[in-house]
Amino acid sequence: MILIDANIFLAFENKDDIFHKNAITLFQTIETEEFGKYFTTDYIFNEVIGVINRKYGKERAVLFGSHILETVYIHIIDEHLLEEAWKVFSTTTLRLSLVDCTNLVALKLANTKYIATFDKEFLKVKGIIIIS
Amino acid sequence: MFNMGIQITVRDVDPEVFRNFKADVVKSGLTLGAALNLAMGKFKAELQIKNKKFTEWESISWGKGTENISQDVDKILYGE
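Respectively, the protein sequence lines represent chains A and B.
Under this note's numbering, the first residue of the first sequence is numbered 1, with each subsequent residue one higher.
Under this note's numbering, the first residue of the second sequence is numbered 1, with each subsequent residue one higher.
Because the hints were derived from the structure by calculation, they are not lab data.
Cβ coordinates follow ideal geometry from the N, Cα and C atoms, glycine included.
Cβ pair distances, simulated, as ranges:
#: 1; chain 1: A; residue 1: ASN22; chain 2: B; residue 2: ILE6; range: 44 to 50 Å
#: 2; chain 1: B; residue 1: LEU38; chain 2: A; residue 2: LYS37; range: 20 to 26 Å
#: 3; chain 1: B; residue 1: ASN68; chain 2: A; residue 2: GLU31; range: 21 to 27 Å
#: 4; chain 1: A; residue 1: ARG95; chain 2: B; residue 2: LEU32; range: 37 to 43 Å
Simulated pairs of lysine to aspartate or glutamate, EDC-like, Cα-Cα distance not exceeding 16 Å:
#: 5; chain 1: A; residue 1: LYS37; chain 2: A; residue 2: GLU70
#: 6; chain 1: B; residue 1: LYS50; chain 2: A; residue 2: GLU70
#: 7; chain 1: A; residue 1: LYS108; chain 2: B; residue 2: ASP12
Residues from chain B that face chain A, not an exhaustive set, calculated with beta carbons under 10 Å:
#: 8; residue: LYS50
#: 9; residue: SER59
#: 10; residue: LEU77
For reference, chain A alone in the conformation it holds in the complex (with noise of 0.2 Å):
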């Protein structure tokens, strides 16, 4: 399984986007299923309609939230997997987010290693590997 991280839906969904083609080609390539299905998070998911809904509009947020749901597998951070990515956020020295460790411990649940996404502090993170 792969985890596809909030920048990629970001870079796909905004052709001025310096990543754009690097994540049409990236999707391109997980939807051959070469790293096996695919998911994301529910804590992703409200990130990259932050985004949208800040950046672009409310309207266009809807549209690719709807997409999004209708064609990606969504993992629901439950409260046991926010304590393990609280118990990784309070203790890392790395300048990772609290959504970032969960992304961590929703990697350690799906058991895969394989992680997308253009964030480079996650090539710090030993025992994954960025697909990017």
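Take the given structure of chain A and dock chain B to it, following the hints.
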């Protein structure tokens, strides 16, 4: 109708995940079997195959000054 259920043995279960699961089950008042039935149902529902492809989405131009938005998620949302 009464359903007897079956007994199973499961290998490769993470002991910590199982301990937490069992503690949650006890708190909820369910039996382990009933909770496992619920979990399996949820797992199946979550893995339902989506009929549409994500890449069918028609991207648009957001305009000048939006080139780095995918890199600025934390800054936009959390002011970092």
